[in-house]
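Undergrad: Spelled out, the chains give:
Number of protein chains: 2
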Amino acid sequence: MPNTYSYCGRIIKGVVLDITGVLKESGPNGGTAINGSIDAINRLYESGLQFRFCTNETTVTRHHLVNQLRRLGFTIEEDKVFSPIPAVCQILKERNLRPHLLVHKDSLPDFKDVDKNDPNCVVIGDATNEFSYDNLNKAFRCLMEIEQPVLFSLGSGRYYQEDGELVLDVGPYMKALEYATDVKAEVVGKPSLSFFTAVLKDMNVLPNEAVMVGDDIVSDIGGAQACGLAGVLVRTGKFRSRDESHPDVKPDDIVDNLAQFVDKLLQHSL
Amino acid sequence: MPNTYSYCGRIIKGVVLDITGVLKESGPNGGTAINGSIDAINRLYESGLQFRFCTNETTVTRHHLVNQLRRLGFTIEEDKVFSPIPAVCQILKERNLRPHLLVHKDSLPDFKDVDKNDPNCVVIGDATNEFSYDNLNKAFRCLMEIEQPVLFSLGSGRYYQEDGELVLDVGPYMKALEYATDVKAEVVGKPSLSFFTAVLKDMNVLPNEAVMVGDDIVSDIGGAQACGLAGVLVRTGKFRSRDESHPDVKPDDIVDNLAQFVDKLLQHSL
Numbered sequence: 249m250p251n252t253y254s255y256c257g258r259i260i261k262g263v264v265l266d267i268t269g270v271l272k273e274s275g276p277n278g279g280t281a282i283n284g285s286i287d288a289i290n291r292l293y294e295s296g297l298q299f300r301f302c303t304n305e306t307t308v309t310r311h312h313l314v315n316q317l318r319r320l321g322f323t324i325e326e327d328k329v330f331s332p333i334p335a336v337c338q339i340l341k342e343r344n345l346r347p348h349l350l351v352h353k354d355s356l357p358d359f360k361d362v363d364k365n366d367p368n369c370v371v372i373g374d375a376t377n378e379f380s381y382d383n384l385n386k387a388f389r390c391l392m393e394i395e396q397p398v399l400f401s402l403g404s405g406r407y408y409q410e411d412g413e414l415v416l417d418v419g420p421y422m423k424a425l426e427y428a429t430d431v432k433a434e435v436v437g438k439p440s441l442s443f444f445t446a447v448l449k450d451m452n453v454l455p456n457e458a459v460m461v462g463d464d465i466v467s468d469i470g471g472a473q474a475c476g477l478a479g480v481l482v483r484t485g486k487f488r489s490r491d492e493s494h495p496d497v498k499p500d501d502i503v504d505n506l507a508q509f510v511d512k513l514l515q516h517s518l
Numbered sequence: 249m250p251n252t253y254s255y256c257g258r259i260i261k262g263v264v265l266d267i268t269g270v271l272k273e274s275g276p277n278g279g280t281a282i283n284g285s286i287d288a289i290n291r292l293y294e295s296g297l298q299f300r301f302c303t304n305e306t307t308v309t310r311h312h313l314v315n316q317l318r319r320l321g322f323t324i325e326e327d328k329v330f331s332p333i334p335a336v337c338q339i340l341k342e343r344n345l346r347p348h349l350l351v352h353k354d355s356l357p358d359f360k361d362v363d364k365n366d367p368n369c370v371v372i373g374d375a376t377n378e379f380s381y382d383n384l385n386k387a388f389r390c391l392m393e394i395e396q397p398v399l400f401s402l403g404s405g406r407y408y409q410e411d412g413e414l415v416l417d418v419g420p421y422m423k424a425l426e427y428a429t430d431v432k433a434e435v436v437g438k439p440s441l442s443f444f445t446a447v448l449k450d451m452n453v454l455p456n457e458a459v460m461v462g463d464d465i466v467s468d469i470g471g472a473q474a475c476g477l478a479g480v481l482v483r484t485g486k487f488r489s490r491d492e493s494h495p496d497v498k499p500d501d502i503v504d505n506l507a508q509f510v511d512k513l514l515q516h517s518l
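Here the protein sequences come in this chain order: A and B. Residues in the first sequence are numbered consecutively from 249, following the working numbering. Residues in the second sequence are numbered consecutively from 249, following the working numbering.
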């Protein structure tokens, strides 16, 4: 029987953790571990609580991401990591869809078992430099030629920080293709309900028994709260002080970092 | 006293003509003249009617565009051509704005007199291959760094046909930057009211005394009608048969081409 804890006025049985901005800061060679996060994860393992990692990262394979985190010192298993690519591959299989891919080249191995001949849908991820005019035109024309066009977007983030600079995420390109083609994208990943639901189902906990910890006030906190989870904002990663007074999203708690979250969560065992 | 004609139940004193898709089809080396259009323009000159050319073309300078049309056989003066770049340059001057430019390199000479140091706004045009991930990030970061960000989009078209293939226009990139930055773009060019107003003012005619001829059901016809002009759709250029039953826009008339429009317009002199 897993342990439970009292936090934010709830009985918490499951924890969902964003990766980039919570466990590590982004940067070259997988980034750097955030102070106290490695130990915080180890304490979660010892707590007996269920927890999963939930990321919209699509610039690398899940396997590579887990290896990066291990090299930084984290204890982490691949089957605890939920990311949009395995989720979309499952959807493609269920719906007999063959994608035209506009994704990061380093993520392509995760699509190796997917039939990509004669595409009848488009999948876009955080393709970074692959977002050329030419490649966006190819995805656009593919959608225009399909009789019943389907567009999957691996997340809908607006931007993130990379090597100290803001860079565009997949969301703006999703909006560009939506406008050009009049096709509404299906978002796979945070903040979609089906993505959060899959994570909760894997832990066998209900939304109101779970808490999401993230650095993205809209996608992590707002998204989790909309699905019934508590949402806790960390003051690391892409956090900016104006997020604390966001007009629409009020976090259930705001903490300095993951270590402080774990301190507070584990204070009240039930 | 210029002549007037009766058409579409109106007294017409001024004509506004789109260029690409009405005078010429797009293609390499400036494209090809549409059958009957050269003669139709000459008949408009002889009619005594006022007329202007109104284009969202921003991949070349206005001077170059006029030279292309002359080489195709058209009689056309540069001061009769209204395009977004001279319009935005005027706005930048009036509002003391210094742009970061994301535009086609062949259009840059039209910005030569504009102060581009220490930018306090962003101007995007139909930049085609210049719409790289890197260049879109630069425009994005510029908007994020400006205290009161202003984004000008030279038109808002979704796509157009080039060498037989559909290609993305500036509109999708406008939507991408709007989503990423939460800044609403100011559209300069068709279908903006200020753009049509400048054209009408130059002819000294009122909106209900004017007719716009174009191949874009939304931007040309819908845009002109929203500003009080009659809108006539030609079955050339990017016209598709489904445009005749567009859910929102009902043209005042639909003609096979510019020559047929001029035939019908000049039938009833007042």
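Hints listed in this document are in silico derivations from the structure and should not be mistaken for laboratory results. Mixed in with the good hints there might be a few duds.
Derived lysine-lysine pairs resembling DSBU-like cross-links, with alpha carbons at most 35 Å apart [what the hints assert, rightly or not]:
{"id": "1", "chain 1": "B", "residue 1": "328", "chain 2": "A", "residue 2": "432"}
{"id": "2", "chain 1": "B", "residue 1": "486", "chain 2": "A", "residue 2": "364"}
{"id": "3", "chain 1": "B", "residue 1": "432", "chain 2": "A", "residue 2": "386"}
{"id": "4", "chain 1": "A", "residue 1": "386", "chain 2": "B", "residue 2": "449"}
{"id": "5", "chain 1": "A", "residue 1": "341", "chain 2": "A", "residue 2": "432"}
{"id": "6", "chain 1": "A", "residue 1": "353", "chain 2": "B", "residue 2": "353"}
{"id": "7", "chain 1": "B", "residue 1": "386", "chain 2": "A", "residue 2": "386"}
{"id": "8", "chain 1": "B", "residue 1": "341", "chain 2": "B", "residue 2": "512"}
{"id": "9", "chain 1": "B", "residue 1": "432", "chain 2": "A", "residue 2": "498"}
{"id": "10", "chain 1": "B", "residue 1": "360", "chain 2": "B", "residue 2": "341"}
{"id": "11", "chain 1": "A", "residue 1": "360", "chain 2": "A", "residue 2": "512"}
{"id": "12", "chain 1": "A", "residue 1": "432", "chain 2": "A", "residue 2": "512"}
{"id": "13", "chain 1": "B", "residue 1": "486", "chain 2": "A", "residue 2": "432"}
{"id": "14", "chain 1": "A", "residue 1": "432", "chain 2": "B", "residue 2": "386"}
{"id": "15", "chain 1": "B", "residue 1": "364", "chain 2": "B", "residue 2": "341"}
{"id": "16", "chain 1": "A", "residue 1": "353", "chain 2": "B", "residue 2": "432"}
{"id": "17", "chain 1": "B", "residue 1": "364", "chain 2": "B", "residue 2": "353"}
{"id": "18", "chain 1": "B", "residue 1": "512", "chain 2": "A", "residue 2": "486"}
{"id": "19", "chain 1": "B", "residue 1": "353", "chain 2": "B", "residue 2": "512"}
{"id": "20", "chain 1": "A", "residue 1": "432", "chain 2": "B", "residue 2": "353"}
{"id": "21", "chain 1": "B", "residue 1": "449", "chain 2": "A", "residue 2": "353"}
{"id": "22", "chain 1": "B", "residue 1": "353", "chain 2": "A", "residue 2": "386"}
{"id": "23", "chain 1": "A", "residue 1": "328", "chain 2": "A", "residue 2": "353"}
{"id": "24", "chain 1": "B", "residue 1": "360", "chain 2": "A", "residue 2": "486"}
{"id": "25", "chain 1": "A", "residue 1": "360", "chain 2": "A", "residue 2": "386"}
{"id": "26", "chain 1": "A", "residue 1": "498", "chain 2": "B", "residue 2": "328"}
{"id": "27", "chain 1": "A", "residue 1": "353", "chain 2": "B", "residue 2": "498"}
{"id": "28", "chain 1": "B", "residue 1": "449", "chain 2": "B", "residue 2": "364"}
{"id": "29", "chain 1": "A", "residue 1": "360", "chain 2": "A", "residue 2": "341"}
{"id": "30", "chain 1": "B", "residue 1": "353", "chain 2": "A", "residue 2": "360"}
{"id": "31", "chain 1": "A", "residue 1": "432", "chain 2": "A", "residue 2": "353"}
{"id": "32", "chain 1": "B", "residue 1": "449", "chain 2": "A", "residue 2": "364"}
{"id": "33", "chain 1": "A", "residue 1": "432", "chain 2": "B", "residue 2": "498"}
{"id": "34", "chain 1": "B", "residue 1": "432", "chain 2": "A", "residue 2": "486"}
{"id": "35", "chain 1": "B", "residue 1": "328", "chain 2": "B", "residue 2": "360"}
{"id": "36", "chain 1": "B", "residue 1": "498", "chain 2": "B", "residue 2": "328"}
{"id": "37", "chain 1": "A", "residue 1": "386", "chain 2": "A", "residue 2": "432"}
{"id": "38", "chain 1": "B", "residue 1": "486", "chain 2": "B", "residue 2": "432"}
{"id": "39", "chain 1": "A", "residue 1": "386", "chain 2": "B", "residue 2": "512"}
{"id": "40", "chain 1": "A", "residue 1": "364", "chain 2": "B", "residue 2": "512"}
These numbers come from a predicted model, not from an experiment.
Undergrad: Evaluate each hint against the coordinates.
TA: Against the structure, the hints come out as follows:
Straight-line distance between C-alpha atoms of residue 328 of chain B and residue 432 of chain A comes to about 40 Å, which puts the hinted pair past the 35 Å bound. A C-alpha spacing of about 31 Å is found between residue 486 of chain B and residue 364 of chain A, which places the hinted pair at or below 35 Å, so the restraint holds. Only pairs whose Cα atoms come within 35 Å are accepted, and residue 432 of chain B paired with residue 386 of chain A is accepted, the gap being roughly 27 Å. A C-alpha spacing of about 41 Å is found between residue 386 of chain A and residue 449 of chain B, which places the hinted pair above 35 Å, so the restraint is violated.
In summary, the hint linking residue 341 of chain A to residue 432 of chain A is supported, as the alpha carbons are separated by about 21 Å, within the 35 Å threshold. Between residue 353 of chain A and residue 353 of chain B the alpha-carbon distance is near 29 Å, which keeps this suggested pair within the 35 Å criterion. At roughly 23 Å between alpha-carbon atoms, residue 386 of chain B and residue 386 of chain A fall within 35 Å of each other, so this suggested pair holds. Between the alpha carbons of residue 341 of chain B and residue 512 of chain B the distance comes to roughly 41 Å, so the proposed pair goes past 35 Å and is violated.
At roughly 25 Å between alpha-carbon atoms, residue 432 of chain B and residue 498 of chain A fall within 35 Å of each other, so this suggested pair holds. In summary, the hint linking residue 360 of chain B to residue 341 of chain B is supported, as the alpha carbons are separated by about 13 Å, within the 35 Å threshold. With a CA separation close to 42 Å, the supplied pair residue 360 of chain A and residue 512 of chain A exceeds the 35 Å bound. Distance hint between residue 432 of chain A and residue 512 of chain A is unfulfilled; the C-alpha atoms sit about 41 Å from each other, more than 35 Å.
For the proposed pair residue 486 of chain B and residue 432 of chain A, the alpha carbon gap of about 23 Å is at most 35 Å, so the pair holds. Between the alpha carbons of residue 432 of chain A and residue 386 of chain B the distance comes to roughly 27 Å, so the proposed pair stays at or under 35 Å and holds. Note on residue 364 of chain B and residue 341 of chain B: the hinted pairing holds, with a Cα-Cα distance of about 12 Å set against a maximum of 35 Å. A hinted pair counts as satisfied when its Cα atoms are at most 35 Å apart, and residue 353 of chain A with residue 432 of chain B qualifies at roughly 32 Å.
Of the supplied pair hints, the one linking residue 364 of chain B and residue 353 of chain B holds, its CA atoms being roughly 15 Å apart against a limit of 35 Å. Only pairs whose Cα atoms come within 35 Å are accepted, and residue 512 of chain B paired with residue 486 of chain A is rejected, the gap being roughly 62 Å. Between the alpha carbons of residue 353 of chain B and residue 512 of chain B the distance comes to roughly 40 Å, so the proposed pair goes past 35 Å and is violated. At roughly 32 Å between alpha-carbon atoms, residue 432 of chain A and residue 353 of chain B fall within 35 Å of each other, so this suggested pair holds.
Of the pairs offered as hints, the one joining residue 449 of chain B and residue 353 of chain A is violated, with about 53 Å between alpha carbons and a cut-off of 35 Å exceeded. In summary, the hint linking residue 353 of chain B to residue 386 of chain A is supported, as the alpha carbons are separated by about 22 Å, within the 35 Å threshold. Annotation: proposed proximity of residue 328 of chain A to residue 353 of chain A holds, straight-line Cα distance about 24 Å (limit 35 Å). Of the pairs offered as hints, the one joining residue 360 of chain B and residue 486 of chain A is violated, with about 38 Å between alpha carbons and a cut-off of 35 Å exceeded.
Only pairs whose Cα atoms come within 35 Å are accepted, and residue 360 of chain A paired with residue 386 of chain A is accepted, the gap being roughly 20 Å. Among the hinted pairs, residue 498 of chain A with residue 328 of chain B is inconsistent with the structure: their alpha-carbon atoms are about 55 Å apart, more than 35 Å. Of the pairs offered as hints, the one joining residue 353 of chain A and residue 498 of chain B is violated, with about 45 Å between alpha carbons and a cut-off of 35 Å exceeded. Distance check on the hinted pair: residue 449 of chain B and residue 364 of chain B sit about 29 Å apart at the alpha-carbon level, within 35 Å; holds.
With a C-alpha separation of about 13 Å, the suggested pair residue 360 of chain A and residue 341 of chain A falls inside the 35 Å cut-off, and the hint holds. With a C-alpha separation of about 39 Å, the suggested pairing of residue 353 of chain B with residue 360 of chain A is violated against the 35 Å cut-off. In summary, the hint linking residue 432 of chain A to residue 353 of chain A is supported, as the alpha carbons are separated by about 25 Å, within the 35 Å threshold. Between residue 449 of chain B and residue 364 of chain A, the direct Cα distance comes to roughly 55 Å. Violation of the 35 Å bound is thereby established for this hinted pair.
Restraint check for residue 432 of chain A and residue 498 of chain B: satisfied, since their Cα atoms lie roughly 25 Å apart, inside the 35 Å limit. The straight-line distance between the Cα atoms of residue 432 of chain B and residue 486 of chain A is roughly 23 Å, inside the 35 Å bound, and the hint therefore holds. A hinted pair counts as satisfied when its Cα atoms are at most 35 Å apart, and residue 328 of chain B with residue 360 of chain B qualifies at roughly 21 Å. At roughly 28 Å between alpha-carbon atoms, residue 498 of chain B and residue 328 of chain B fall within 35 Å of each other, so this suggested pair holds.
Straight-line distance between C-alpha atoms of residue 386 of chain A and residue 432 of chain A comes to about 18 Å, which keeps the hinted pair within the 35 Å bound. With a C-alpha separation of about 27 Å, the suggested pairing of residue 486 of chain B with residue 432 of chain B holds against the 35 Å cut-off. Of the supplied pair hints, the one linking residue 386 of chain A and residue 512 of chain B is violated, its CA atoms being roughly 41 Å apart against a limit of 35 Å. This hinted pair does not check out: residue 364 of chain A and residue 512 of chain B have alpha carbons roughly 52 Å apart, beyond 35 Å.
Consistency with the previously given hints fails for numbers 1, 4, 8, 11, 12, 18, 19, 21, 24, 26, 27, 30, 32, 39, 40, ordered from lowest to highest.
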